[in-house]
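Asker: Let's have the full structure, built from the sequences with the hints guiding it.
2 protein chains.
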Amino acid sequence: MTQPKRITSFHPPRRTLLGPGPSDMNPRVMTALAQPAIGYLDPAFVTMMEELKELMRYAYQTSNPLTFPLSGPGSVGMEACFVNLVEPGDKVIVCRNGVFGGRMIENVERCGGTPVILEETWGEPIDPQKLEDLLKAHPDTNIVAFVHAETSTGAQSDAQALCDIARRHGALTIVDCVTSLGGTPVLLDAWQADATYSGSQKCLSCTPGLSPVSYSERAIEKVKARKQGKVQSWFMDLNLVLAYWGETARTYHHTAPGNSLYGLHEALLLLREEGLENAWARHRRNYEALKAGLEAMGLTYVVPEAARLPQLNSVYIPNGIDDLTVRKTLLNDYNIEIGAGLGPLAGKIWRFGLMGYSSQPTNVLLLLSALSAVLGEMGYRHDGGVAESAAHHAYAEQHAAAAKAKRA
Amino acid sequence: MTQPKRITSFHPPRRTLLGPGPSDMNPRVMTALAQPAIGYLDPAFVTMMEELKELMRYAYQTSNPLTFPLSGPGSVGMEACFVNLVEPGDKVIVCRNGVFGGRMIENVERCGGTPVILEETWGEPIDPQKLEDLLKAHPDTNIVAFVHAETSTGAQSDAQALCDIARRHGALTIVDCVTSLGGTPVLLDAWQADATYSGSQKCLSCTPGLSPVSYSERAIEKVKARKQGKVQSWFMDLNLVLAYWGETARTYHHTAPGNSLYGLHEALLLLREEGLENAWARHRRNYEALKAGLEAMGLTYVVPEAARLPQLNSVYIPNGIDDLTVRKTLLNDYNIEIGAGLGPLAGKIWRFGLMGYSSQPTNVLLLLSALSAVLGEMGYRHDGGVAESAAHHAYAEQHAAAAKAKRA
Chain A
738 MTQPKRITSF HPPRRTLLGP GPSDMNPRVM TALAQPAIGY LDPAFVTMME
788 ELKELMRYAY QTSNPLTFPL SGPGSVGMEA CFVNLVEPGD KVIVCRNGVF
838 GGRMIENVER CGGTPVILEE TWGEPIDPQK LEDLLKAHPD TNIVAFVHAE
888 TSTGAQSDAQ ALCDIARRHG ALTIVDCVTS LGGTPVLLDA WQADATYSGS
938 QKCLSCTPGL SPVSYSERAI EKVKARKQGK VQSWFMDLNL VLAYWGETAR
988 TYHHTAPGNS LYGLHEALLL LREEGLENAW ARHRRNYEAL KAGLEAMGLT
1038 YVVPEAARLP QLNSVYIPNG IDDLTVRKTL LNDYNIEIGA GLGPLAGKIW
1088 RFGLMGYSSQ PTNVLLLLSA LSAVLGEMGY RHDGGVAESA AHHAYAEQHA
1138 AAAKAKRA
Chain B
738 MTQPKRITSF HPPRRTLLGP GPSDMNPRVM TALAQPAIGY LDPAFVTMME
788 ELKELMRYAY QTSNPLTFPL SGPGSVGMEA CFVNLVEPGD KVIVCRNGVF
838 GGRMIENVER CGGTPVILEE TWGEPIDPQK LEDLLKAHPD TNIVAFVHAE
888 TSTGAQSDAQ ALCDIARRHG ALTIVDCVTS LGGTPVLLDA WQADATYSGS
938 QKCLSCTPGL SPVSYSERAI EKVKARKQGK VQSWFMDLNL VLAYWGETAR
988 TYHHTAPGNS LYGLHEALLL LREEGLENAW ARHRRNYEAL KAGLEAMGLT
1038 YVVPEAARLP QLNSVYIPNG IDDLTVRKTL LNDYNIEIGA GLGPLAGKIW
1088 RFGLMGYSSQ PTNVLLLLSA LSAVLGEMGY RHDGGVAESA AHHAYAEQHA
1138 AAAKAKRA
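Sequences listed follow chains A and B, in order.
Here the first sequence is numbered in my numbering, starting from 738 and rising by one per residue.
Here the second sequence is numbered in my numbering, starting from 738 and rising by one per residue.
Same chains, same label: a pair holds when it works inside one copy or across any pair of copies.
List time: in silico BS3-like cross-link candidates among lysine-lysine, alpha-carbon distance up to 30 Å:
no., residue 1, residue 2
1, K867, K828
2, K873, K964
3, K867, K1085
The hints are simulated quantities; they were obtained by calculation from the structure and are not laboratory data.
Answerer: In structure tokens, the structure reads:
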């Protein structure tokens, strides 16, 4: 009998996760993950599922009844939206301004749909006028798909405008909110978005592996009225998943990932306790301090200021500085993980994430200080301490403004 | 802004899980689940992934390089096997002797394959002669799919015989080992099985949500030589998953469910520490004691003895006894979860699981004692204490046999 080599229990190093996700988990979430298993049809479990749906509706600001966590990572959430809504022959406009728009195109093709691509410069938000023009050129478009918050660049598109235009042209919308949910406003009911997915490990700061999704009535109607027969995926078929996560009696579909769901319940509870607006404001405050520090060091952002996600800061790597050496040194010497560039931006940018529980002033100061040290040692010329000073100054200004607002 | 009603942290009740899964987790696994997140490309994480693959090869008794945990429950493992191997037009023999064979047929159809169904009585193992005959009648069969251990009945089929027959007829095999892995011998290399999947929450006693899969070289060749273009699922496309879990450099595919993988690593380590043969023997010993007790109470098994899975014991519900009342009382009064019947067996059978960490003498005695009490109160006539006595006797005989073997 084959015996594996000596392997012992795995104990991960304690990192500070300041990349594009996963983010650090609140200890309350970690504790929740360690609770004992119970059955997926246990009345206690069913109660928790109902609470999860309600907490998720709050996070998404929606009253969509079909709002629940899919038992897979964000890429399963994406695929579930496409396989259910896109029928063979459907025309789908996909807005691409980064990696995840590209993945959407893959999904359309594998569903037998016809993608029409709206190309946008990476790092820029999607131009609503371009969508308007493309919909006029393709009046038979069934679906418009776009990424609200591009994880590969940190650009945020105007979801309200894009959804409005799509709806005026009679198209349903698929909206990727993987990196936005919990970090910047995601307002499904206001947007009237039709199919939305996110991930558990970004601004919700839960363990990876779950994808919160939400579907409008219009989306469900399209799934139920499919002309081309069954959804190609058994696991992702909403008609079947509904029997488990829907309003009525629970029917066995698959064994739900119980412990991860415990964690998500706690993570969403933390979000509700803090309050969505407070969470968005916190992400913005820490972004402002980080930005002050990065710019004081002479680093420049990839994304124009108006379209920047506070939770994902992409900056160009300075000339002559080796990407991998910096990231390795931050990881090995300081236990800090930052993100590399993806696709055409590989080796050209860094992505600093301040997501969910990772969005804390201590992490901003730590990152600026460690990055200053590493870049300084590599010969990058910048004034020592200037980055931290700029961040300190930004925080001081915020505190003064808050005190003034309180007095007023 | 919509505010959800008062929701507090979720604390699951402490159950004893003696149904068809999930099973109870060893505290070491729960502790592993609660560790901090790290990045999915972190060198420490990559090392853990390599160890996981090695531990999984031991559990599956295979040298297949492509042996890894898919980031989804067992039903994703099933679908991944079908979408990769079954091309539109392929002929697939599906052996059905329970619920999960039926799900396989669904998968074949959604992949555009042509299913040929080998029907077998629920509760019986698949008759190898029937497969032989069907393959002779359908010499153009590309794939044979069967469930090694039917979770809906507790019947075990002869995987070695079925794989041998399929191979002689030039067909690849897809084998469902969801309920067998870790509980009864699963010998992939000996069987020469081609695509196999399992679940994390049965005899491995880890949290649900992961599907250990393994693919032979022949299976990978078929995926790579697909004539009909891309795999219909982006998420499950082995060509893409390989870039993340394969032998070479790690390429980002999706964010791996880190904490669940920590748990699986620990669960597989526990299995290796115990030793596979010892784990199989333990499952058998506890089955024998449970069987002695159940039969002493006058309950009869659904599955003929030779094909019985020791980890999943299905018995007929006695006449006049209400299924739901018994299960509710066991859950509410004793915190014991047992399994209901599925499909045509709903309301007719109970399924008692002794899987992984749940397979312990204490659980056998507890279940027999609680079941005796509940059935007694409901007017089921049986001698008080006879079930426990029979189990005690079975354990005593095992101890005597072990002592005798030691002396010899």
